[in-house]
Amino acid sequence: MATDPVCKMLVSEKTAKWTTEYKGRKYYFCAPGCKKAFEQNPEKYMKEMEEDEGQ
1 MATDPVCKML
11 VSEKTAKWTT
21 EYKGRKYYFC
31 APGCKKAFEQ
41 NPEKYMKEME
51 EDEGQ
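Numbering (the UniProt record's numbering), first residue to last: 1 to 55.
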């Protein structure tokens, strides 16, 4: 399972309908709105993910 970087929902890599690649890494989304938000400001969500992983 992957975590949607926008809403933090768990998403199956096998069934995810919305994905994008950024800096060589593939990201999975629960809905098109989350994908769009990430694509508009990927650095914001990458920073939030790094902070979450560091806790």
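Just so you know, these hints were derived from the structure itself, not from any lab. Be careful, since some hints might not be right.
Straight-line alpha carbon distances no greater than 20 Å define the calculated SDA-like cross-link-like pairs of lysine to any residue that follow [said to hold, decoys possible]:
| no. | residue 1 | residue 2 |
| --- | --- | --- |
| 1 | 17 | 47 |
| 2 | 23 | 42 |
| 3 | 36 | 54 |
| 4 | 36 | 10 |
| 5 | 14 | 30 |
| 6 | 44 | 22 |
| 7 | 36 | 21 |
| 8 | 44 | 14 |
| 9 | 47 | 14 |
| 10 | 36 | 2 |
Hint check:
no. : hint     : verdict
1   : 17 to 47 : violated (24 Å)
2   : 23 to 42 : holds (10 Å)
3   : 36 to 54 : violated (25 Å)
4   : 36 to 10 : holds (17 Å)
5   : 14 to 30 : holds (12 Å)
6   : 44 to 22 : holds (13 Å)
7   : 36 to 21 : holds (12 Å)
8   : 44 to 14 : violated (26 Å)
9   : 47 to 14 : violated (25 Å)
10  : 36 to 2  : holds (17 Å)
Going through the hint list in order, the structure does not satisfy hints 1, 3, 8, 9.
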